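Sequence order for the protein chains is X and S.
Once you know that position 106 of the first sequence is 106 in our numbering, the rest is easy, because the numbers rise by one and skip nothing.
Once you know that position 113 of the second sequence is 225 in our numbering, the rest is easy, because the numbers rise by one and skip nothing.
Just so you know, these hints were derived from the structure itself, not from any lab.
Remember, predicted model here, so these are calculated numbers, not experimental data.
Even for Gly, the Cβ is constructed at its ideal location relative to N, Cα and C.
One or more of the hints may lead you astray.
Interface residues of chain X toward chain S, partial, derived using beta-carbon atoms under 8 angstroms [said to hold, decoys possible]:
{"#": "1", "residue": "Glu5"}
{"#": "2", "residue": "Gln9"}
{"#": "3", "residue": "Gly16"}
{"#": "4", "residue": "Leu19"}
{"#": "5", "residue": "Tyr22"}
{"#": "6", "residue": "Ser27"}
{"#": "7", "residue": "Ser30"}
{"#": "8", "residue": "Arg36"}
{"#": "9", "residue": "Pro43"}
{"#": "10", "residue": "Thr48"}
{"#": "11", "residue": "Val50"}
{"#": "12", "residue": "Gly52"}
{"#": "13", "residue": "Gly85"}
{"#": "14", "residue": "Leu88"}
{"#": "15", "residue": "Asp98"}
{"#": "16", "residue": "Thr101"}
Pairwise CB distance ranges (calculated) [to be verified]:
{"#": "17", "chain 1": "S", "residue 1": "Gly152", "chain 2": "X", "residue 2": "Leu58", "range": "50 to 56 angstroms"}
{"#": "18", "chain 1": "S", "residue 1": "Glu180", "chain 2": "X", "residue 2": "Glu41", "range": "33 to 39 angstroms"}
{"#": "19", "chain 1": "X", "residue 1": "Gly82", "chain 2": "S", "residue 2": "Leu228", "range": "47 to 53 angstroms"}
So these bits of chain X aren't anywhere near chain S, every CB distance computed over 10 angstroms [unchecked claim]:
{"#": "20", "residue": "Ser31"}
{"#": "21", "residue": "Gln33"}
{"#": "22", "residue": "Lys57"}
{"#": "23", "residue": "Gln64"}
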Amino acid sequence: TQLLEQSPQFLSIQEGENLTVYCNSSSVFSSLQWYRQEPGEGPVLLVTVVTGGEVKKLKRLTFQFGDARKDSSLHITAAQPGDTGLYLCAGVYGGGADGLTFGKGTHLIIQP
Amino acid sequence: EPEVTQTPSHQVTQMGQEVILRCVPISNHLYFYWYRQILGQKVEFLVSFYNNEISEKSEIFDDQFSVERPDGSNFTLKIRSTKLEDSAMYFCASKGGPVTLNQPQHFGDGTRLSIL
Numbered sequence: 001t002q003l004l005e006q007s008p009q010f011l012s013i014q015e016g017e018n019l020t021v022y023c024n025s026s027s028v029f030s031s032l033q034w035y036r037q038e039p040g041e042g043p044v045l046l047v048t049v050v051t052g053g054e055v056k057k058l059k060r061l062t063f064q065f066g067d068a069r070k071d072s073s074l075h076i077t078a079a080q081p082g083d084t085g086l087y088l089c090a091g092v093y094g095g096g097a098d099g100l101t102f103g104k105g106t107h108l109i110i111q112p
Numbered sequence: 113e114p115e116v117t118q119t120p121s122h123q124v125t126q127m128g129q130e131v132i133l134r135c136v137p138i139s140n141h142l143y144f145y146w147y148r149q150i151l152g153q154k155v156e157f158l159v160s161f162y163n164n165e166i167s168e169k170s171e172i173f174d175d176q177f178s179v180e181r182p183d184g185s186n187f188t189l190k191i192r193s194t195k196l197e198d199s200a201m202y203f204c205a206s207k208g209g210p211v212t213l214n215q216p217q218h219f220g221d222g223t224r225l226s227i228l
């Protein structure tokens, strides 16, 4: 069974601060997605990373994929209350497998 | 923007009964998935479906579960003889291309299944 560790599990910071969320596995991903999930709703795709070392930016959000494709990070600059939510990383391990393996998520609260 | 739609949003069923959860994937997508999320736990993969057959399933997806694409638009998950521990959010997802193209999966808003 593949395990995907996400940290921190909970994070509460003040508006304007920066933060980083981490996603780690002992196995190599063929691709990795970051989702955001609101209460009572399904995960909404933020980004997909595929290539080792890849960096993608989505406004104040920066996503990095590790060189070995075993880890990823989400960095938020100048966090805003609207960033509050549950952030999930989910990976595909390849070898023909297609189902996503999810982390437990990071509950982020941005206090005004 | 195209989206995955799921019905019903909430299903309450007596233990031992059968339930069918319905999904309409994004119209030009070819790969379909079911996931579940027990309250307070992580999202777990159940099954993937392509070309009218199961392509991958997890240990959770035992003989109690089945999937079907009865027509050109719907994708269903049937749970037979439901148990209390089947209570969860069930998410449907779809994507347009094969795993080799690394396209992302897009999720519906889920069906909350409550077994009494």
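Taking the numbered hints from earlier one at a time, note which ones the structure violates and give those numbers from smallest to largest. Violated hints (numbers, rising): 1, 2, 3, 4, 5, 6, 8, 12, 13, 17, 18, 19, 20, 21; every other hint is consistent with the structure.
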